[in-house]
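Number of protein chains: 4
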Amino acid sequence: MPGNTFGHLLRLTTFGESHGLSIGGIVDGVPPGLELCEKDLQRELDLRKPGQGSTSTARKEADLVHIQSGLFQGKTTGTPIAFLIENTNQQSSDYDELARVFRPGHADFTYHTKYHGFRDYRGGGRASGRETAARVAAGAIAAKILAQISVEIFAASVEFGGIGIDNEFVDLAGALARPYFAASDSVISRWDQAVQKARENHDTLGGIVQIEANNVPAGLGEPVFDKISAMLGHGLLSVGAVKGVEFGDGFQAARSTGSANNDLLLAPKSAGALPGFATNHAGGMLGGITTGQSIIARVAVKPIASVPRPQQTVDLDGHPCQITIGGRHDLSAIPRIVPVLRAMTALVLADAWLMQNSLG
Amino acid sequence: MPGNTFGHLLRLTTFGESHGLSIGGIVDGVPPGLELCEKDLQRELDLRKPGQGSTSTARKEADLVHIQSGLFQGKTTGTPIAFLIENTNQQSSDYDELARVFRPGHADFTYHTKYHGFRDYRGGGRASGRETAARVAAGAIAAKILAQISVEIFAASVEFGGIGIDNEFVDLAGALARPYFAASDSVISRWDQAVQKARENHDTLGGIVQIEANNVPAGLGEPVFDKISAMLGHGLLSVGAVKGVEFGDGFQAARSTGSANNDLLLAPKSAGALPGFATNHAGGMLGGITTGQSIIARVAVKPIASVPRPQQTVDLDGHPCQITIGGRHDLSAIPRIVPVLRAMTALVLADAWLMQNSLG
Amino acid sequence: MPGNTFGHLLRLTTFGESHGLSIGGIVDGVPPGLELCEKDLQRELDLRKPGQGSTSTARKEADLVHIQSGLFQGKTTGTPIAFLIENTNQQSSDYDELARVFRPGHADFTYHTKYHGFRDYRGGGRASGRETAARVAAGAIAAKILAQISVEIFAASVEFGGIGIDNEFVDLAGALARPYFAASDSVISRWDQAVQKARENHDTLGGIVQIEANNVPAGLGEPVFDKISAMLGHGLLSVGAVKGVEFGDGFQAARSTGSANNDLLLAPKSAGALPGFATNHAGGMLGGITTGQSIIARVAVKPIASVPRPQQTVDLDGHPCQITIGGRHDLSAIPRIVPVLRAMTALVLADAWLMQNSLG
Amino acid sequence: MPGNTFGHLLRLTTFGESHGLSIGGIVDGVPPGLELCEKDLQRELDLRKPGQGSTSTARKEADLVHIQSGLFQGKTTGTPIAFLIENTNQQSSDYDELARVFRPGHADFTYHTKYHGFRDYRGGGRASGRETAARVAAGAIAAKILAQISVEIFAASVEFGGIGIDNEFVDLAGALARPYFAASDSVISRWDQAVQKARENHDTLGGIVQIEANNVPAGLGEPVFDKISAMLGHGLLSVGAVKGVEFGDGFQAARSTGSANNDLLLAPKSAGALPGFATNHAGGMLGGITTGQSIIARVAVKPIASVPRPQQTVDLDGHPCQITIGGRHDLSAIPRIVPVLRAMTALVLADAWLMQNSLG
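Protein chains in written order, with this note's numbering: chain A, 1 to 360; chain B, 1 to 360; chain C, 1 to 360; chain D, 1 to 360.
One thing to keep in mind: the hints can contain errors.
The list cannot tell twin chains apart, which means a pair is met if one copy fits it or any two copies do.
[Unchecked claim] The calculated lysine to aspartate or glutamate pairs, modelled on DMTMM-like cross-linking and capped at a C-alpha distance of 20 Å, are:
| hint | residue 1 | residue 2 |
| --- | --- | --- |
| 1 | Lys49 | Glu86 |
| 2 | Lys75 | Glu38 |
| 3 | Lys39 | Glu61 |
| 4 | Lys144 | Glu35 |
| 5 | Lys75 | Asp40 |
| 6 | Lys269 | Asp315 |
| 7 | Lys269 | Asp317 |
| 8 | Lys75 | Asp96 |
Keep in mind the hints are simulated off the structure, nothing from the lab.
The shape of chain A in the complex, shown without the other chains:
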């Protein structure tokens, strides 16, 4: 309830500040008998790790994950899986100035107000993007649950610095091998130029991430308030820097007509199978319940707030001042946010699947 727990039957509770001893979490509700090891989590964490790629911070964190519980002889036991990631490369002195000045675009002011002035200002404290590492580790566990029913989740950058990829060229499956976790090779050089230009302008960039979940069984999601879109939306919008989410044709659907937007049903491909669909404008859900088609979502990611130039702001006393943000910051949340969004998608779908299982 106080906001650091996510999910119903599969529940993630996280902790940790950017410059504390460690960050981590507890995943409760993992079914027993699942093969799992630290490497499963580490592989995903490595995708999110800082210090890689042209948009990333110079802060290097090994981000080694240590599982504390819930495994025995290489398998889950149904009990909570706790994991820790130590904060090894803190340079808190970078942040001394932040004790008294609110950075524009950051949560400094809102946390200060919410928590009556008690705030770990170092690196954004709890509001730092660093907390998303715990989501990624937990998402890896959720992905293992989903792998049992062959659900696969892909995510990739489909737009960066305003430069998008045409839908026909989008290849999510190959994205992890590309710079920016891009959905196509065709944009890489233009995105490189955008990075170059942003660096010259002492500025930062945003983008759009597309997510696709395949082989999702029909019937997941709960009416009325916990539609799969609502739960996914909750999860994706809870990631810092996310300013919008849409499913299927999303905002374009608002401009379509019913006859064009409806996905017509087709006869099952084989006896006993579920019906198919002629199109997937809906993004894999009807009435908030999955159809068996691929779930498709797109997420808007704002530019990083830590722009390396002087900005106007106020201090704790409300006095106007300028701030020039030091520290080590990414130029964009793209691509490091990609595995985070994938993790949130996995957490929601695994949770929805366990919920549906309870019906027998």
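Position chains B, C and D relative to chain A; hints supplied.
Showing chains B, C and D alone in chain A's frame:
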């Protein structure tokens, strides 16, 4: 957990199918001492009532609300407020065909699959838009809670049938007096033409609704997973027909730069007041916590799935067939969805305020 | 969260005051395809109905239940089941005095304090035992879920007015046919005398109820905090007038030794069956998880607080005064509390079973 | 929901097995600005530490707690407080036999069944009493919250091995300084003899713990299902070995009469103060809401299941066999359970207080 409850400290649980005896809900967690009467709920329900305006169904429902509990001598007592709305104008025979055929774009197939074939097919059953009346009634209660701290929530249609309203002309406050709950008079005649054309084409339309909440105190929303954006997103995406949601500049923010997108902080206007902001690209939130600026959201609404023309589909046995949907249907969820989205916003903000109160 | 909802996957939310229009509730999470009708609920409600037996109030309520939703063609659909029970026999004038005086042993003072003076004082308002009718109706639904796996729940009075039934004579199965829902015929005449004497003394009585659930599958209950004992304890202690609960040997176990208290395991009776136990000191649970043995609980019920004689108390202003409670009151919560406790047991066990199902 | 989280606004989620790397937990919802350090937790943990007193295991654990997050400059920040306690003194080889044999009175069989055979059998795994260390650490945080409003919680052993302390001699405040955390010096020698005798008999003992919370504000607890008794009962019954709980006169109240059991209200001691009560049979609650009087609870603790003698049981295949439990075990959960029960009481009361705060 099974999806018919929404909220943490202010909780709405709803029930009811399109063609059952009644629909309604229970609102738990309303603070004591609030002046409240049925008229407060009825006024909002009347805005959503079918049978009004050019896009609405011919089904007429008085939608009279009856409060059962939680009030004494005109005031709330802190105990649950239950309310009922009778279904008076059911024409179930309209729906006989639906027992065996899945309507495209509807939840028929997904509910059938989720609930193992047990389904009230009349008028969409639980998946009918009719359930949103309970949200509107509850939202009126939430709005009364928020009125104590002067929070006002406006919502209006800013795009319909692909015809949008330029941002500079958007006037949310006057929307309820206009057809389509439009944000501007300037588009009415073109929207009328779009309706005319859609009727001629036996088709339906969608649109975009903008929401603005003013006077929201700074500090609402919970890190990490229950950011105000995540909770609002959850609530708004849980409304049928909603395919996307964005906050502040939303998807446009993804194309901006950090220097342009950051809202610079300004000195407080008076001693003791909170700092102000030069702009509101963020839509009233930073790090998922409200800033004290207006919360701004935009919601994509798909076209109504019940297009009045033959459509290809399958029956329960998976056999291809055609369906021509009879019954009485809206041409668009615009504008009846507007008070529903306003209600969900009120429920989330009132809940977030109670949560923040608990910190003392 | 504000306390009027119970359960995880099977959730009951109730509403209603003693002298409001109606009381009722919503049961969410009932699996689809279950045969259910109003009679199933009414049968249980009739067991709790006032105006029956020597200890009961003269207030007569038909307590007719009306199901509003969630059923179609005689079966559950997986959507919420709402039900209403009208308050038909209110004599609010009986309670005028209570507007300004706190009755000893009642919640008048605590509700007044909790809700800042806003309180429906008529008949105890929300704190009236009348709210338990909603529990009984919901418990009947839970019992139907459990009947699918042959779980049967019995409850009976095993002590009344200090006169107990020896363990060897306890017959829970036949209790509903006996006065006081007594666990044995042998005590009826002595209990009658106790009633007679209490009436002469203008006093009221309490007792102890024993509950037994048979055929409960092994494996229900959740570590660590939601042990089956904890969930049952929560449910049973949430019933007004309950002052204690114990499982198996309960408080006697505290006086035993490990060697005497341990239930030794026995070989399964047939191949593939679960092991048996030589005894059942534990009351059907180990480590908070069900063993497959019968669950056994005992519940302490305090005497009715509305004693028909003058009592010392204070008024709203804190001035000492006397109160002589009028109105129509039971002489004991025994036996009307028996179906209520049975209902709570059913709700907990059905919920725990759905939880376990989610593991696959 | 899967059972490893406790509380509403103050939430504890725990993890860890007896022989894993560590145990620990996350406390979410702690208000900001509270002075807190590891010593506050350690002091309570030291009371529960094994290897002290005549009834305790020979297993020695330093049980040093390490706080990972949520503190800054010695104060809470409102963000989750995670803490770890390493398992340093594991002798897993002691438990090899347990891989295939179910110990009587333990959760071996039920966990095996619940979790489909996947189980960390070393030292009871998750079902070990060792998990209660996390409760104690969290309870220390809750106690700090409560200290702000002067709530003090005492707990003591009032019965051990069947030898009780007369109510008139009960002194809870001095218990922590006595062996067995006894409520009186008068029983110590007899309890010593009981230990001696139990050791000779290769047997184990149980007892009863009394809890008292003073200065609890009136108005805490939520109707209808989350009465303070229900929430306390849930928390106390969730502790392993607890078989019963009662409030105020508890099971004795069932034998009383209304006129004797009612606590008459008295005029406030000073203007503006709340009314007082002539007695406290109710244990500090009416209608499930606190009265401002002391909360009094008594908890039945069963004898330790690990009796050091051969016992009859079955193995994984259902074959009868004998087991003689090795390892290092307490002779009684008394007194180490005392700080655990105190911790659970603190968690519930602090949660209830935050809930009440949300009403404004």
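Hints versus structure:
no.	hint	verdict
1	Lys49 <-> Glu86	within (13 Å within a copy, 27 Å between copies)
2	Lys75 <-> Glu38	within (11 Å within a copy, 33 Å between copies)
3	Lys39 <-> Glu61	within (17 Å within a copy, 30 Å between copies)
4	Lys144 <-> Glu35	within (8 Å within a copy, 37 Å between copies)
5	Lys75 <-> Asp40	within (12 Å within a copy, 36 Å between copies)
6	Lys269 <-> Asp315	between (65 Å within a copy, 14 Å between copies)
7	Lys269 <-> Asp317	between (68 Å within a copy, 13 Å between copies)
8	Lys75 <-> Asp96	between (44 Å within a copy, 18 Å between copies)
Checked against the numbered hints given earlier, this structure breaks none of them.
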